[in-house]
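Asks: Residue numbers (our numbering), protein chains in the order written: chain A, 4 to 299; chain B, 28 to 433; chain C, 796 to 1141.
Since the hints were derived computationally from the structure, they do not count as laboratory data. You may find that some hints are simply not true.
To be verified - What the simulated footprint calls covered on chain B by chain C, stretch by stretch (three residues with Cβ under 8 Å from a Cβ of chain C suffice, anywhere in the stretch; the number is not a length): (1) 122–135; (2) 143–150; (3) 387–393.
Unchecked claim - Calculated pairs, SDA-like style, for lysine to any residue (alpha carbon to alpha carbon, straight line, at most 20 Å): (4) B:Lys300 - B:Asp418; (5) B:Lys244 - A:Phe291; (6) B:Lys404 - B:Ser175; (7) B:Lys151 - C:Lys917; (8) B:Lys288 - A:Phe291; (9) B:Lys244 - C:Tyr934; (10) A:Lys269 - C:Glu938; (11) B:Lys244 - A:Pro138; (12) B:Lys300 - B:Lys419; (13) B:Lys151 - C:Tyr934; (14) A:Lys269 - B:Val237; (15) B:Lys151 - B:Asn380; (16) C:Lys917 - A:Tyr128; (17) B:Lys151 - C:Glu938; (18) B:Lys227 - C:Tyr838; (19) B:Lys300 - A:Phe291; (20) B:Lys174 - B:Asn377; (21) C:Lys1000 - A:Gly97; (22) B:Lys288 - A:Pro138; (23) C:Lys917 - A:Gln295; (24) B:Lys206 - B:Gly225; (25) C:Lys917 - A:Phe291; (26) A:Lys269 - B:Ile223; (27) A:Lys269 - C:Arg947; (28) B:Lys261 - A:Ile146.
As the list claims (entries may be wrong) - Derived DEER-like restraints, expressed as beta-carbon distance ranges: (29) A:Trp65 - C:Leu1066: 26 to 36 Å; (30) A:Ile141 - B:Ala339: 53 to 63 Å; (31) A:Gly123 - B:Thr205: 42 to 52 Å; (32) C:Leu1066 - A:Val155: 53 to 63 Å; (33) B:Asp392 - A:Leu139: 53 to 63 Å; (34) B:Asn346 - A:Pro131: 19 to 29 Å; (35) A:Val63 - B:Pro375: 18 to 28 Å; (36) B:Ala339 - A:Gly142: 52 to 62 Å; (37) A:Ala246 - C:Leu1136: 56 to 66 Å; (38) C:Asp940 - B:Ala285: 44 to 54 Å; (39) C:Ser1087 - B:Tyr323: 56 to 66 Å; (40) A:Met69 - B:Ala339: 30 to 40 Å.
Bear in mind the structure is a predicted one, so any value in this text is a computation, not a measurement. Ideal Cβ positions, reconstructed from N, Cα and C, are used throughout, including at glycine.
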Amino acid sequence: MNDFDWIALAEFSALGLLAGGLQAMIALGFVLIYKGTGVINFAMGEFMMLGAYFFYTANVMWGMPMVVALLLSLAAVAACAALIERTILRPLSGQPVISVLMATIGLASALAGGVDVVWGGGKNYEMPTLLSRTPLHIGEVMIPGQILWSFVLAALIILAFTLYFRYSKTGISMRAAASDPVTAYVLGIDVRATQRLTWMFAGVVGAVAGIIVASITSLSPAIGGTALGVLAVIILGGLDSIAGAIVAGLIVGLLESLTAGYLGGKVRDIVPYVTVLLILLIRPYGLFGTRQIERL
Amino acid sequence: MNNNNHPVNPLRRRVINAGLGAAAFAGFPFRASVAQTGDIVIGAAMPITGVFAFAGVGLNQGLGDYCDWRNARGGVAGRRLRYVAEDSGYKMDQEMAIFKKLMGEHQPPAFFGGSTAWAKVAAKEVGQLGTTLTSGVSFASELADAKSHPYHFMVAPTYVAMGEILLEHISRNARGATKPAVAIVYSDTEFGRDPIPGIKAMAQALQIPVVLEVVTKPGAVDVSSEVAKLRRAKPDFVIFHGYVSAPIPEFIKQMREAGMKATPMGTIWSMDKTTVDTMGAAAEGWVGVMPYRYSYDTKDAPMMQAMKEHVAKVRPDMNYISIFNVHTWLAGMAIAEIVERCLKAGKPLNGANMKVALESIDNWDTGGVTGLPVSLKNHQIASGRIYAYDDKTKLLQPASDWIKTS
Amino acid sequence: MRIGDFRESYAHDESIWPTPVQRGWLCVLATALLLFPFGVNGYFVSLACMLGIHVIAATGLNIMTGYTGLISIGHAAFMGVGCYTAAYFAQRGMPFFLTLPLAGGMAALLGLLVGLPSLRIKGLYLAVATLATQFILVYVFREWDSVTGGVRGVNVPSASLFGFELMNDQRMYFLIVPVAALLLVAARNLFRTRVGRAFIAIRDKDISAEVLGINLLRYKLAAFAVGSFYAGVAGALLGYFYRAMTPEYFTLTLSIFYLAVIIVGGLGSLLGTILGAVFMTLVPELLRAGMSVATRWSPGVTEILNSVQQVVFGLLIIGFLVFEPHGLLEVWRRVRRFFHLWPFRA
């Protein structure tokens, strides 16, 4: 074949952009917590895992209808996130960066182990198919149904959050507390409550992402590992920018898909990390991140 | 003798002390020895939790079950089998730690371990101690090499041998002059990558074109790009290797949605009934190679029947015995056979004698666990059968005779 | 109660073990370490070897993170670099007293490379950069077949000294423990010099340090290099200890383990490193012993040992961070203060 396979390129690109939607949603969870409390939450993957396991318990083990199970699992993860914020993050609020970082890492370990203890790894848990599988055929390009619908879902959730932050009272107070907690306090905003709410939202976002990922692959504590690749997304986009998370999510998804398509699946795994290193060297604060000014 | 004109040279004294010290610990007894009376201990580092947990629970049960079953029938030459196992999480340092601990405490004549990494590292220790034979869940081809791993054996064919069986099957069933095209999807782990060069070489020898090689992470989430590539390569058969379950079901489902009619094929660890169950409707057409019988196939297989009866007593709610249980049950059988031969020949239980006993096992009837009589001369079981998924019975049924590999 | 501890010269004040009591205890420790392998089960000797390796690696990490404030989540990868370097040269016949420094040097070189961006990026960003380095290096270990053996791994010939082979744990003990002691003394000495003081200044406030005339780039790179050197040596010893190695060993979990060791032990303290390493190595053993006792009441509980270990590990980290941020060192200091001031209260 003499001409370049444009259709293949189009297909890989489409798949990548759509898969990037899910990554953008997970990145949203990271960005929410960073914006609200200044912490990179290494336990984000574990929120995903918890959401998936709670949903499985409610839906499959207790036999509840899907919507009820979904709401229950989201509520449970939100409660866990609030508890974590109160018991772990609050006492560490003045501490140096490494302490909080290690606390979230320790949390991730404890949660992953805890899930293994409670649910056990011996069985092959099967999640029900949540998203429609019918593929979309555009000419010769095939887009699997789950990828398409996960993108749509992610887009809706991100849109909902963006509108919430921009227009609702709680959303605006959360943004205020995030940008300048002292002034927010003075103006009567309950900064502690907004921080708790931030964590709860991030937990919910993570839980939804986890349920989707689990229904696509399988339910196991390893779901949490997916979130580490999303670090590339938030660094590219800027740790505190939601718009950055969206754009970067799409870009990284695209890059991964093209790499998998043209260079093979092995290289795909380190594409996010090489991207991280390059961005940190060239533009540490990312595409849309705010430059941090350090004062003595 | 000291006098003030010639004081003892302090350097000389230090050198003498150092020499004495070195001599002391050079002579330190390093050789442990296996108890020649009393219980025969079988040690194990099983991946009961961790990434292989899905299999590890079954592996652990199988070996313990066999020891109980054998003890109820008088043990081995009058001595009981004692199974001591610990959870390794499939991590090499844990496996080594458990290995050293159990070797120190019990000096077991047989040890069942986990990953290939462990087998490599343990081979050094085992070679030095000279007291133990090892086996494990990894069927990498280098582990069956008696020169580099003289005290290790496996109760299955190597991964390369399994790939060869698959290719043989493809080649025999090819109709017409053109050979069918094959694609290989494997995981980027030692488990996945080990047999690939051998499989490709065999494919070349059989003139079967390998149109695509796809490598993924073991638990890959998004395989859509890989399926897009597969679609374009148009293979007739897709061999999956290096996975226990995920992402095979997702691959197959997407392949069917893309309209691909290729036959998916798997190797031993992805041939368990529970894996196939998760595929749901996509399991139709699933073919693979397995060296054992399934637990529901007890016709003319007295040992399979015995296994079923024993498990029914011990775990009544378990009506399907996974291939992992079968694997370690067979490993237990092999260990018992080796020990028995050694003891009957009046030889003390140590590595060298057990190795001789191991390699003397030829034409050994396993009571139906494997189809053909087993020879462990090459430290592996070189036979297997093709199974295909039968939609009506929802089980994997034999689709070929038992094939011997080289 | 301690009285009469007078320092009469600058040299005496700066010395590492100023009092005769300390020197006495040091001799006792040295004798105990020397006699240890002869009195115990072989398993404990192998545990001691692993402990030694952990101490060396954690000291390197503490120099980078605890003393200089450069967070590194990629320490395990540098150990891997050291291990594979030592394996490569040992296979070609180089004796261990050359491969160990070479392994350390190779890791240090890589540490310099990774440290180069550290002027531009700090704190969390540097941590993420080291995380990325961890994954990339492991990828290299897995793919660079000709040097590292790829996923199949590599065989390391046992360390040998003029034909005397160190082929089991007892003998490796007598290599690992002296090397660890040497490196610990070197680290302690480092912080008596201006280089060490520059590290501490950088940790406390690097902009101020720069104002005071400390060349940030040079000293940050030095910190990375020294820390990675230690990791490289630890990795090389690991290779000699196991006599084979695969890339699966150098995971993110291992990097996190070392971070946990220095946090639990005490950031910015060598005694803390030792305490942390001992603690974190013993906890899984105690847990295992506890669970085998518990099997009497609830059989099958050892099956979840690994998961429980993970939970305990995570809770320990969180617990220490929340309740005892200065780690075991602070606990030790409290105990010492009690005995120094007894019968008066602290």
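Asks: All hints, please: hold or fail.
Replies: Each hint, compared with the structure:
Check on the stretch 122–135 of chain B: 7 of its residues sit with their Cβ under 8 Å from a Cβ of chain C, so the three-residue criterion for coverage holds. Remark: the stretch 143–150 of chain B is confirmed as covered by chain C, as 5 of its residues place a Cβ nearer than 8 Å to a Cβ of that chain, reaching the required three. Counting residues of the stretch 387–393 of chain B whose C-beta sits closer than 8 Å to any C-beta of chain C gives 0, which falls short of three, so the coverage hint is violated. Between Lys300 (chain B) and Asp418 (chain B) the CA atoms are separated by roughly 13 Å; this keeps the pair inside 20 Å, and the hint holds.
Our distance criterion of 20 Å between C-alpha atoms is broken by Lys244 (chain B) and Phe291 (chain A), whose separation comes to about 31 Å. Only pairs whose Cα atoms come within 20 Å are accepted, and Lys404 (chain B) paired with Ser175 (chain B) is accepted, the gap being roughly 15 Å. Taking the CA atoms of Lys151 (chain B) and Lys917 (chain C), the gap is about 44 Å. The hint is violated against a cut of 20 Å. Proposed proximity of Lys288 (chain B) and Phe291 (chain A) is contradicted: the alpha carbons are some 46 Å apart, above 20 Å.
A distance of roughly 12 Å separates the Cα atoms of Lys244 (chain B) and Tyr934 (chain C); the hinted pair therefore holds under the 20 Å criterion. With a CA separation close to 9 Å, the supplied pair Lys269 (chain A) and Glu938 (chain C) stays within the 20 Å bound. Taking the CA atoms of Lys244 (chain B) and Pro138 (chain A), the gap is about 24 Å. The hint is violated against a cut of 20 Å. Distance restraint check for Lys300 (chain B) and Lys419 (chain B): the Cα-Cα separation of roughly 14 Å lies within the 20 Å cut-off, and the hinted pair is therefore satisfied.
Annotation: proposed proximity of Lys151 (chain B) to Tyr934 (chain C) is violated, straight-line Cα distance about 26 Å (limit 20 Å). Taking the CA atoms of Lys269 (chain A) and Val237 (chain B), the gap is about 18 Å. The hint holds against a cut of 20 Å. With a C-alpha separation of about 18 Å, the suggested pairing of Lys151 (chain B) with Asn380 (chain B) holds against the 20 Å cut-off. Restraint check for Lys917 (chain C) and Tyr128 (chain A): not satisfied, since their Cα atoms lie roughly 42 Å apart, outside the 20 Å limit.
Proposed proximity of Lys151 (chain B) and Glu938 (chain C) is contradicted: the alpha carbons are some 25 Å apart, above 20 Å. The hinted pair formed by Lys227 (chain B) and Tyr838 (chain C) fails the criterion: a straight-line CA distance of about 44 Å is larger than 20 Å. Between Lys300 (chain B) and Phe291 (chain A) the alpha-carbon distance is near 50 Å, which puts this suggested pair outside the 20 Å criterion. A hinted pair counts as satisfied when its Cα atoms are at most 20 Å apart, and Lys174 (chain B) with Asn377 (chain B) qualifies at roughly 18 Å.
For the proposed pair Lys1000 (chain C) and Gly97 (chain A), the alpha carbon gap of about 16 Å is at most 20 Å, so the pair holds. Taking the CA atoms of Lys288 (chain B) and Pro138 (chain A), the gap is near 16 Å; set against the 20 Å cutoff, the hint holds. Straight-line distance between C-alpha atoms of Lys917 (chain C) and Gln295 (chain A) comes to about 11 Å, which keeps the hinted pair within the 20 Å bound. A distance of roughly 19 Å separates the Cα atoms of Lys206 (chain B) and Gly225 (chain B); the hinted pair therefore holds under the 20 Å criterion.
The suggested pairing of Lys917 (chain C) with Phe291 (chain A) holds, with an alpha-carbon distance near 18 Å, which does not exceed 20 Å. Straight-line distance between C-alpha atoms of Lys269 (chain A) and Ile223 (chain B) comes to about 15 Å, which keeps the hinted pair within the 20 Å bound. Taken as a hint, the Lys269 (chain A) and Arg947 (chain C) pair is honoured in the structure, with Cα atoms around 16 Å apart against an allowance of 20 Å. A C-alpha spacing of about 18 Å is found between Lys261 (chain B) and Ile146 (chain A), which places the hinted pair at or below 20 Å, so the restraint holds.
For the pair Trp65 (chain A) and Leu1066 (chain C), the beta carbons lie near 52 Å from each other, so the given range of 26 to 36 Å is not met. Separation of Ile141 (chain A) from Ala339 (chain B) is about 54 Å and conforms to the stated range, judged on CB atoms against 53 to 63 Å. For Gly123 (chain A) paired with Thr205 (chain B), a C-beta distance near 49 Å keeps the hint of 42 to 52 Å intact. Taking the beta carbon of each, Leu1066 (chain C) and Val155 (chain A) are about 57 Å apart, inside 53 to 63 Å as hinted.
One distance hint, 53 to 63 Å for the beta-carbon pair Asp392 (chain B) and Leu139 (chain A), holds here, with the actual separation near 56 Å. Taking the beta carbon of each, Asn346 (chain B) and Pro131 (chain A) are about 24 Å apart, inside 19 to 29 Å as hinted. Checked against the given bound of 18 to 28 Å, the beta carbons of Val63 (chain A) and Pro375 (chain B), roughly 55 Å apart, lie outside it. Range check, Ala339 (chain B) to Gly142 (chain A): Cβ separation about 56 Å, and the 52 to 62 Å hint holds.
At about 59 Å, the CB distance of Ala246 (chain A) to Leu1136 (chain C) agrees with the hint of 56 to 66 Å. Under the hint 44 to 54 Å, the C-beta atoms of Asp940 (chain C) and Ala285 (chain B), about 34 Å apart, miss the expected range. Separated by about 36 Å at the C-beta atoms, Ser1087 (chain C) and Tyr323 (chain B) break the suggested range of 56 to 66 Å. One distance hint, 30 to 40 Å for the beta-carbon pair Met69 (chain A) and Ala339 (chain B), holds here, with the actual separation near 37 Å.
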